[in-house]
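Engineer: In case you want the letters, here they are:
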Amino acid sequence: MSHLGNTHSSLNVTSLRDLARKELTKVLDSVRGKKCLVLDPNISGPLSLIAEFSLLKEHGVEKMHYLQSGPLETELKSLIYICRPQLHYMKYIAEHIGHHQKDNLSSSEYEYNLFFVPRRTMICERVLEEAGVFGEITIGEYHLDLIPFEDDLLSLELDNTFKELYLDGDYTSIYYAARALMKLQTKFGLFPRVIGKGDCAKHLADMLLRMRKEVAVDDPSSTLSVSQNIDSLIILDRSVDLITPLCTQLTYEGLIDEVFGIRTSHVEVDSTIVGPTSQKPVSATTTTPNTASTTTQPSPPARKKKIALNSSDKLFVQLRDMNFAVVGGVLNRIARRINEDYEERHQAKTVVQIREFINKLGGLQSEHQSLRTHTGIAEEIMAYTVTPEFNKALEVQQNLAAGIDINLQNDHIEEMINRQVPILQVLRLLCLLSLVNGGLKQKSFEFFKKEILQTYGFEHLQTLLNLERLNMFIKQGSASNKFNYVRKHLQLIVDEVDEQNPQDISYVYSGYAPLSVRLIQCVTKGGPTPIGYPVGANAAANSIAGGGARGIVGWKGHEDALKMLPGKTFDEVQRHDDGAIRSKKLIQGQQPRVTLIFFLGGCTYTEISAIRFMAQQDEGQREYVIATTQIINGNSLLNSVMQKIDHLGHSAGGNS
Amino acid sequence: ITILESYEQKDLNERINKLKIALKWYQDDKEHAFEAKAIDENIRLLQTQAQFEKEMNQQLVGLPLNETVHKCITTNHPNKASKLKSDFKIPDKRFWWIKLKALVEMRDWDELDRL
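The listed protein sequences derive, respectively, from chains A and B. Residues 1 to 656 (this note's numbering) make up the first sequence, in order. Residues 1 to 115 (this note's numbering) make up the second sequence, in order.
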């Protein structure tokens, strides 16, 4: 995991990984002797980013299994379960124990240890109690929360937060998020300013402030001092900007996610992709999030190849945030350069020159390899992006986002339903249509609902109800079109986009600037850069008025637009009891400011790209570190709220 | 929730009964007129499918309406398809799409020509 080593960020994110590692070894060492590790399939991916297999082995792990239903066969007597506190896992565990008890009457031979990630919950313990196995198990917690993916990207890897927060009203993930942020505060100091938008974000901020007070009460000596390099925390609620994830991502990394699906910064592609075959790429993205990732298995299954996507791949670093339109050209250029480098060997005459070349060869070859991989992937994506369906959908999206010919788009969507394109595609567009218009007209609303039910099956009635509850697909209210105003005010649509040489974050969607990132721009700079207020003047004014956070403008000047978006807006200043003045002094230092951005309910790869682009524009004045509950795209977003009854056709049909 | 339960029911009659309960729920609530209508339609669909199944010797129950129409055409029951069209008020546009697809699948170029 050397990619985390080069900390060009002033926030030392690697230390978070070390912390998680240390705790993992502690967990493993708490059980003596050889042991068998039973993992929640959803955790194995993130865990592999924390520790490699050899580390587990060093600490006595002999075997690893996924936590599944059915008996668990193992000759090892010590078992360690690591899983999320989810009820069905408890049932599996009880099942395992039950089996062991049946097999050899004295179950005391086995030793069960269960570690919840990140916290134990009462309800899980209750399930174990009811199954009569609670007494057999030693229960602990493994506080794995924010997992560093890159220097500037942390994720909680909680898969279903969006659905839990906004559909089920289950706020557990807010609690987890608050604990994780608290941990950051203990490590890096107090965030001087907490700014955010959205009801759930507000909850998170409140919880964070409360936790800090609790810490202060518990142990007055350990008051946190104001952070020296983090100047603010911006919390954004996914419900504030649902439009962005619904659009098709057009950056390289974003498209990889749309086409293949990225899980814990790994992508699984056909191993034949180096010599590409035409495979239906759409099916790859629609697989349910629960399909076990095979990260920890030493040998991947024959056909699928796992590719790590992170900054240890130099080529990928160059490509990931680019608009896909330029990727082809860049690949071509690099291929030519590598070729030239290879050619150098002919010019090498002296022994020294030859040795020099040999030294370079290793790097050259790995570069070559990664070039081959990415060319393969890019070709596959290309094949997908030239299909008429893709382009039609994209055209509709862009017209909707820009507010052009709304009525015409209705017909396009209707045609897509008639062609029976995958329901996710259709729902993405319909939700977008509803979001940008503040709902659909009664007549077309019911028309589309009927079309969907009749085309894709009546079970989607529940899906539609869910979307309605989320305000993603609704009937038009009396209110005027809010998004129009927001779009104009925040310049979400930029007509002239130079994908080769982007000037504005809108390049990630070829014209549409992600609303969420625009909001962040408002906070840090006072508006979109091209016409924004003179940054310097604003910053100066603010360093006097604000709580010492230089350059953070806050929501000022954008209150009207914010009112049009759902959820509460807040802006809190956190002060050390006597530290307000002192912290200001510290801030005069040379170090760039770090702004931490927390996406509650997930963020997309394009948003990450856009934020990275912003950081580049700032020329080292400000760095952004992104933290999120999970990484999403439009498909995974909708998938989580969709009603799934997959066995429907068979089981019902076979019965009469 | 009863809708979900209904899908777990393997037996067709049980399923229809559950749906009827759900239907009652929604009918009591004015805001959910659409849902009530949809469920009612679903019940009718299931009943029609069961009836057709007997006549055509094809598995139909549980399929979406479109697929049902599709099946009717591919198995040479155009009358049944038209009946579904009028019963469930399928818009012309969509009906022709289904028909087109089905006929192409059957390579029934003569029939296609006649369209």
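No lab work stands behind these hints, which were simulated from the structure alone. One should not assume that every hint holds.
What the hints assert, rightly or not - Cβ pair distances, simulated, as ranges:
1) B:Lys93 - A:Gly169: 56 to 64 Å
2) B:Gln51 - A:Asp168: 37 to 45 Å
3) A:Val217 - B:Asp40: 52 to 60 Å
Quantities reported herein were computed from a predicted structural model and do not represent experimental measurements. Each residue gets a CB set at the ideal place from its N, CA and C atoms; glycine is no exception.
Engineer: Each hint should be assessed against the structure and marked as holding or not.
Structural biologist: Here is what the structure says about each hint:
1. The hinted window of 56 to 64 Å between lysine 93 of chain B and glycine 169 of chain A is violated, with their beta carbons roughly 40 Å apart.
2. Separated by about 39 Å at the C-beta atoms, glutamine 51 of chain B and aspartate 168 of chain A satisfy the suggested range of 37 to 45 Å.
3. A beta carbon spacing of about 59 Å between valine 217 of chain A and aspartate 40 of chain B agrees with the range 52 to 60 Å that was offered as a hint.
Figure legend: structure checked against the earlier numbered hints; the only hint not met is number 1.
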